[in-house]
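Add chain S to chain A, keeping to what the hints say.
Those protein sequence lines, which keep their order, are chains A and S. Going by our numbering, the first residue of the first sequence is number 1, and it counts up by one from there. Going by our numbering, the first residue of the second sequence is number 265, and it counts up by one from there.
Hints are computed from structural coordinates only; laboratory data are not their basis. The reader is advised that the hints may include incorrect statements.
[Claimed, not checked] Just so you have them, the derived chain A footprint on chain S, three or more residues with Cβ under 8 Å:
1) 347–355
2) 361–373
3) 414–428
[As the list claims (entries may be wrong)] Residues of chain S placed beyond 10 Å of chain A at every Cβ, according to the derived structure:
4) 397
5) 472
6) 481
Beta carbons are placed, not taken as given, at the ideal position from N, Cα and C, and that holds for glycine.
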Amino acid sequence: MHVDLRAVTRRVDGRRLLDAVTLSVEPGQTLLLCGPNGAGKSTLLKVMAGLLPPTGGEILYDGRPASRWGPALRRRLGVVLHETLLYDELTVVDNLVFAARLFGVPDARRRAEGMVDAAGLRLVAREPAGRLSRGMKQRLALVRALLHRPSVLLLDEPYAGLDARWSAWLTDLLAAERARGTSVILVAHEWRTAWPVADRAAVLLRGRLARLLDTAAWDPDRFGGEYGRLLHPERPQAAGPSGAAVGATAAVLSAGAPEGESGP
Amino acid sequence: MSWARALAAIVWKDLRLEWRTGEAVLTPALLALLLLLVIVFALPPAAARLEGVFTASLWTAVFFAGTVGLGRSFARERAEGRLWGLLLAPVDRSAIFLAKGLSAFLFLAMVALVTMPAFFAVFGQRLEAPLWLWTATVGLVLLAYSGVGTLVSAVAAQLRAGDVLYPVLLFPLLVPVVLAAVHLTDALLETGGWGTARSWVHLLIMYNLLFWGVPYLIFEYVVEV
Chain A
1 MHVDLRAVTR RVDGRRLLDA VTLSVEPGQT LLLCGPNGAG KSTLLKVMAG LLPPTGGEIL
61 YDGRPASRWG PALRRRLGVV LHETLLYDEL TVVDNLVFAA RLFGVPDARR RAEGMVDAAG
121 LRLVAREPAG RLSRGMKQRL ALVRALLHRP SVLLLDEPYA GLDARWSAWL TDLLAAERAR
181 GTSVILVAHE WRTAWPVADR AAVLLRGRLA RLLDTAAWDP DRFGGEYGRL LHPERPQAAG
241 PSGAAVGATA AVLSAGAPEG ESGP
Chain S
265 MSWARALAAI VWKDLRLEWR TGEAVLTPAL LALLLLLVIV FALPPAAARL EGVFTASLWT
325 AVFFAGTVGL GRSFARERAE GRLWGLLLAP VDRSAIFLAK GLSAFLFLAM VALVTMPAFF
385 AVFGQRLEAP LWLWTATVGL VLLAYSGVGT LVSAVAAQLR AGDVLYPVLL FPLLVPVVLA
445 AVHLTDALLE TGGWGTARSW VHLLIMYNLL FWGVPYLIFE YVVEV
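Extracted from the complex, chain A is given alone in its bound form (with noise of 0.2 Å):
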């Protein structure tokens, strides 16, 4: 599904969360976004995704404007946020089944019952949510997003929590997704582990698009190097905290601790 945005804007209170964000995903591409907290990367996949509205500009899906899709839309997306939409207290099927049948997915059960072996989730399947660990939590939603085959997936923080092997898999499976014609805009802090699975990365800053390029073209270390620059431009380096903002961290905490604590 080709998806477009077109100077996309969202203010509230005065403040922009987004300042006319502009770019566009072909189908079967993946594109990485980029950006410090605050800069807008989790409010730009939340309108994508029709659950905030933008205040300015549209997005189209292909070629139609988001509002005149209407719940037909819905169906297309394949939503995974920071909160994980999880029911805490229903088990790992009974989270997917709800879901699958939400979204009228055909054979509710045994589509969410492969989800579960898909997710590596068997041993807890009958388990509460709520009893998962962070990374399992986080492939059971990420599954969960999948169960209806959308055509766009829009992912925040997908590999957060995830191990090296389940960060693999995720990887896996993205690719399995971009051969399968989807787009997929992907929300990463820690971008090296997304890097591979990109076609396209984009940098917000502060709402608005400071960088989009082809990854093709750019090694992640070069790309570390330019995105480092776009965070601080007063000093070219890698991207991170500087050693001044370090030692000014430091400070404060040693100001902070009582007396006597910081030597024998």
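Leaving out everything else, chain S in the frame of chain A:
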């Protein structure tokens, strides 16, 4: 069709959650029975036989206990972004309101089924009216309560102090329902029928149309952030 399927899915989910937590039936039912005890201990022995005391006690307990479950209706959806999950469903969002309202009605009916016989037994009150008439009356009252209760729960879930504000927002809107419940109950106990209190039935029907119809139309805006 997908609309009805989503409605059924949400009701199924609420029933499963209730089976596991007991928040919307068990806790309110226990609270109503505790209120019955408090009322019995607080009243002088002869007062329990006074006209109107049974009716007032019964509905006070049902309405107050009901807020515990109704208030949780949307508050429970606020955790872990579950409301986002419902809003992402590919159906008209009015289906979410109807499903939550229907769940609330079922839970209130279960609370009434458990607690009302206890009130009749403790107060030694006989029901002269036909059972179907009593059931229809209680059904109309609880339908109105669940409609307005679900709407206020959805509004309160958007507010920072929604849990605290919920009863404060709800009870002023409930006054017509309380009045109708009391008048119709008194009529049923005294005459075995609605008799002259029939106008309260009309009021309940109008109230139901209003508090199920309007939220159905505006629910999309109620849950919009």
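Quiz prompt | Annotated coverage of the region 361–373 of chain S by chain A, confirmed only when three residues or more have a Cβ within 8 Å | solution = It is violated, with 0 qualifying residues against the three required.
Practice problem: Could you let me know if the closest chain A CB is still more than 10 Å away from the CB of residue 397 of chain S? | Solution: holds (37 Å)
Self-check item: Stated coverage of the region 414–428 of chain S by chain A [criterion: 3+ residues, CB within 8 Å]
Solution: violated (count 0)
Quiz prompt | Consistency of the no-contact label for residue 481 of chain S, given chain A and a CB cut of 10 Å | solution = holds (16 Å)
Practice problem: Establish whether the coverage given for the region 347–355 of chain S by chain A is satisfied; the threshold is a Cβ-Cβ distance below 8 Å, and no fewer than three residues must meet it. | Solution: Per the Cβ count (8), the hint holds.
Quiz item: Taking C-beta pairs only, is residue 472 of chain S more than 10 Å away from all of chain A?
Solution: Label holds. Min Cβ-Cβ 26 Å, cutoff 10 Å.
The structure shown violates the earlier hints numbered 2 and 3.
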